[in-house]
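Order-wise, the sequence lines are chains Z and B. Under this note's numbering, the residue at position 332 of the first sequence is numbered 332, and the numbers go up by one with no gaps. Under this note's numbering, the residue at position 223 of the second sequence is numbered 223, and the numbers go up by one with no gaps.
The hints are simulated quantities; they were obtained by calculation from the structure and are not laboratory data. Just so you know, these numbers come straight off a predicted model, no measurement behind them. Where is the CB? At the ideal position from N, CA and C, for every residue including glycine. Each hint should be verified, as a subset may be incorrect.
[To be verified] Only part of the chain Z face toward chain B is listed, based on derived beta-carbon distances under 8 angstroms:
| id | residue |
| --- | --- |
| 1 | A32 |
| 2 | F36 |
| 3 | L138 |
| 4 | M152 |
| 5 | I156 |
| 6 | S159 |
| 7 | L160 |
| 8 | D167 |
| 9 | V337 |
| 10 | L345 |
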Amino acid sequence: MAAAVDKSRVPWWVSNLIVPLVNLILALLVSALFIFIAGENPVQAVKLIIYGSFGYLDGFAYTLYYTTNFVFTGLAFAVAFHCRLFNIGGEGQAYIGGLGVFLVAINVSFLPVPIVWLLAIAGAFIFGAAWAFIPAYLQAKRGSHVVITTIMFNFIASSLMVFLLVDVIRDMKQMGPHTVALPKEIWFPTFKEFAALFGIKIRYSPLNISFLLAIAASFFVWFLVWKTKWGYEMRAVGHNMQAAIYAGISPYKNIIIAMCISGGLAGLLGINEILGVHHKIVAGFPAGYGFTGIAVALMGRNHPIGIFPAAFLFGILYQGGSEVTFDMPNITRYMFVAVQGVIILFSGALENLFRPQIESFFVNRLNMKREI
Amino acid sequence: MEILPDIASLINSTLRISTPLIFAAMAGLFAERSGVIDFGLEGKMLAAAFVAAVGSYYFGSPWLGLILAMIACVSLSMLHGFASVTHKGDQVVSCVAINILMIGLTTALAAAWFGQAGLTPTLSDEQRFLEITLPFADALRDVPIIGIIYSDILSGHYVFVYLAYLCVPIVFWIVFKTSFGLRLRAVGENPSAVDTAGINVFTMRYKALMINGVLIAFAGAHLSTAVNANFFREMSAGRGYLALAALIFGKWHPKTALIACLLFGFTDALQIRLQGVELPAIGTIPVQLIQAIPYVLTVVLLAGFVGKAIAPNAIGQPYVKER
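Next up, chain Z with everything else stripped away, as it sits in the complex:
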């Protein structure tokens, strides 16, 4: 093992760009091995992924649609992580957030459209936050580990939503477990409609103005976590709870607020999926986006500037991945769940695998330059 180097002498781009990039490459190499084991050609798969996500306009729009979802869930995980909380309940919070969007939108749809949207966004945030509140409270007050409680709340959310969709809010004229559609006037404008204004015709694409909301959410998180007193307090609790307590910062309050904001951000996934795409609640709509948020946040080093490109990369993997599953019979979408796991492993748990070597390599190079 290489000797540890003085952290202050490591340039920022080595620890924040080179090291994550090396980890990502390692993760993708392992993923290629999996594709090989599954009996397909990894090089061919990469070609399909690139073609599927960039090769044509509808495909690229799909990539950005997935990116939108991953920005929300990635930011959600990151906010809680700054307080050293592992909110792996994004899936359930997004599900309940979707319920909030629908209930608010259907009840206030007579109001002017922008107000309906704002209220629906508030509904998504509040419902998602509420679903995160109980695990947060139990963590803060009773020390119940948030990883187990949030996972349990995913299962509970899933049961609850299926129950509601089957027995309570189902569209009674239809067989499937979904609600009635929201009135057309309040649907989010889609990319397809924008493109049509410029005379560009594309086939269906789920990309809609939620993408702008994702950008806004990224700024919101950046401002909140790094530019406000509360953000500082929250990071202090996450960094060293004892020191924070001595500084007069309440860990309970910060744990609960961090988790609720995290849950609220995950809830915003419901905006994209319900106002933008399905226009009704469909059983199982979070479809694993909540879990992918973990990989996105860890890869993006829990900072909005990193999360956005990481979400885009996962957008490529998802959209390109569906191209792969279409063309390669041996690859299913679960292969890309495995890829997420590998990415979490290398950019999260094993992030220090080659860090000392890489950092000392660059520090030595820079020293040599200075001596010359």
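Given the structure of chain Z, go ahead and fit chain B onto it with the hints provided.
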């Protein structure tokens, strides 16, 4: 109304349903007592279920499947150790990675090798574990009380069920009555003191993780080669987390963890019994809500309404040797 056979079958299912939880809780006990968090029980259980089913299908022997599952789970435990003990990475992140990786990889490989649905082929009777009828079970069936206890409750389980209940006293003996157990607990409580005494903290943690891998393999094999005759997607259904909750609720002690596992098993058995049954005053509870009962119970128990759980002191902290 025949209440006695009903109760007997409820107890019988409780014993069976608790089995994977018990193995997983005992596996978690070794890791956590040594100071390594193990949320990865879920992923390892899935891996074991998949490998056991595939191994048994190809080699025709469920025992060989079990051994392969052990190898797979020990490898995953070693990976967890490599990330969190050797490289001092975040233990929870490492566990989450293993869980997501295994949810994806097991289903993806099942789909690639055996077709799109992500199932492994159904195992024949020679390729799986069958219920064991205890000696004289049939002869004793008509004897009152004893007949029900022996023939209906104790007899007719899979081998894993008996192994699970055998495993608990053995774990107790290892952890609390041997010098290895003393060291194990010391490493989880105060690693620097153990280090001062000349015991290698890292080796101890790796040993604990190795036992952890072997034990969790039983849980997975039980699911895919005993109670079911194949592997299917996400078949562990949160049992790894339930087992961990049972371990925490049981205060990292084999006996109390066993009781917690039985409680979870009983709730699950009851939940299955209640589906579609009309209850007095309440009516029929929708099946989705009944299925959520074990998960709600987990949260309630973790909330510590029955007393606060004190974790091993050094849990989750990578050990850094002083220089």
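TODO: Tell me, in ascending order, the numbers of any earlier hints that this structure violates.
DONE: The structure conflicts with hints 1 and 2, although it agrees with all the remaining ones.
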